[in-house]
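Engineer: The chain contents come next:
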Amino acid sequence: MSEVKVDTLTGKTTANDISVTVGATATMSLKQGLAKAWSNYNQFTGPSVRKSFNTTSISDVSTGYSQVNLTNSMSDTDYICIATNSYDATPNNNQVGLDEANANTSSQALHGTGNYGGGMVDTQYSQLVIHGDLA
Amino acid sequence: MSTLKADTIQSTGGGAATLTKQSPAKMWAFIEGTGTPSITGSFNVASLTDEATAVVRANFTNNMSNANFSNLGMPREDSEVVMMQELESTYVRATTSMVLKTHSTSATVDTQGRNYGLFGDLA
Numbered sequence: 005m006s007e008v009k010v011d012t013l014t015g016k017t018t019a020n021d022i023s024v025t026v027g028a029t030a031t032m033s034l035k036q037g038l039a040k041a042w043s044n045y046n047q048f049t050g051p052s053v054r055k056s057f058n059t060t061s062i063s064d065v066s067t068g069y070s071q072v073n074l075t076n077s078m079s080d081t082d083y084i085c086i087a088t089n090s091y092d093a094t095p096n097n098n099q100v101g102l103d104e105a106n107a108n109t110s111s112q113a114l115h116g117t118g119n120y121g122g123g124m125v126d127t128q129y130s131q132l133v134i135h136g137d138l139a
Numbered sequence: 280m281s282t283l284k285a286d287t288i289q290s291t292g293g294g295a296a297t298l299t300k301q302s303p304a305k306m307w308a309f310i311e312g313t314g315t316p317s318i319t320g321s322f323n324v325a326s327l328t329d330e331a332t333a334v335v336r337a338n339f340t341n342n343m344s345n346a347n348f349s350n351l352g353m354p355r356e357d358s359e360v361v362m363m364q365e366l367e368s369t370y371v372r373a374t375t376s377m378v379l380k381t382h383s384t385s386a387t388v389d390t391q392g393r394n395y396g397l398f399g400d401l402a
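Protein chains in written order, with the working numbering: chain H, 5 to 139; chain X, 280 to 402.
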């Protein structure tokens, strides 16, 4: 086994284009597979961020709605934003659905959480990841 | 600080390279449309199949090595709360695609958009 230790990887032909062999023969673009932002935060108290990557802040838009503000913006709005939430303070409300509000920009991802009754609720554990192309 | 410039990274045997502390996504897609679904942004997605109302299959360009992958999804809808789930008994997992369904509190509903993501091992 060989090992190369470096601090930065840059494409030789194009700076942000590096192919990686990830299957027996299948290759993929390294930049396409890497998450561009993620965060773990408490929507209930703040929001307050426990840990994050490429996230400047998270705004409390209204009950159940949070907006993730990116440090480095995406190149467009055709990225994906996937999140899971949990809410364990009130057992009757712990079945929380989640959907993405239709208002993302290249620098802000907005999503909402609601219970099965259709009401919007803040949750204690919100985890979110973004994939797509950085600007 | 050192910089390695290369266009392709492989293991010394020509196989899959190990990226320390990294497990990149093997597929992602943003899918639009309440009628016929369409892709507006994606990676490793060859096509979509509209299986039924609120059920959309994303067919991979490069297949997974097994069906023990983690597929993730989140709907986009601003008129009501919508959930997204996998229906394993109806749409059995395969190495070639992933399928998710969206529904509101009681009924299946097409949504304005769908976010799909997948982690695991490519074939």
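Check the hints yourself; a few may be wrong.
[As the list claims (entries may be wrong)] According to the in silico footprint, chain X covers these stretches of chain H (three or more CB under 8 Å from chain X):
no., region
1, 52 to 60
2, 69 to 79
3, 129 to 139
[Said to hold, decoys possible] Under the rule of at most 30 Å between Cα atoms (straight-line distance), these lysine-lysine pairs were calculated in the DSSO-like manner:
no., chain 1, residue 1, chain 2, residue 2
4, X, Lys300, H, Lys40
5, H, Lys40, X, Lys284
6, H, Lys55, X, Lys300
7, H, Lys16, X, Lys284
Because the hints were derived from the structure by calculation, they are not lab data. Glycine included, C-beta positions come from ideal geometry on N, C-alpha and C.
Engineer: If any of the earlier hints don't hold here, list their numbers in rising order.
Structural biologist: Of the numbered hints given earlier, those the structure breaks are 1, 2, listed in rising order.
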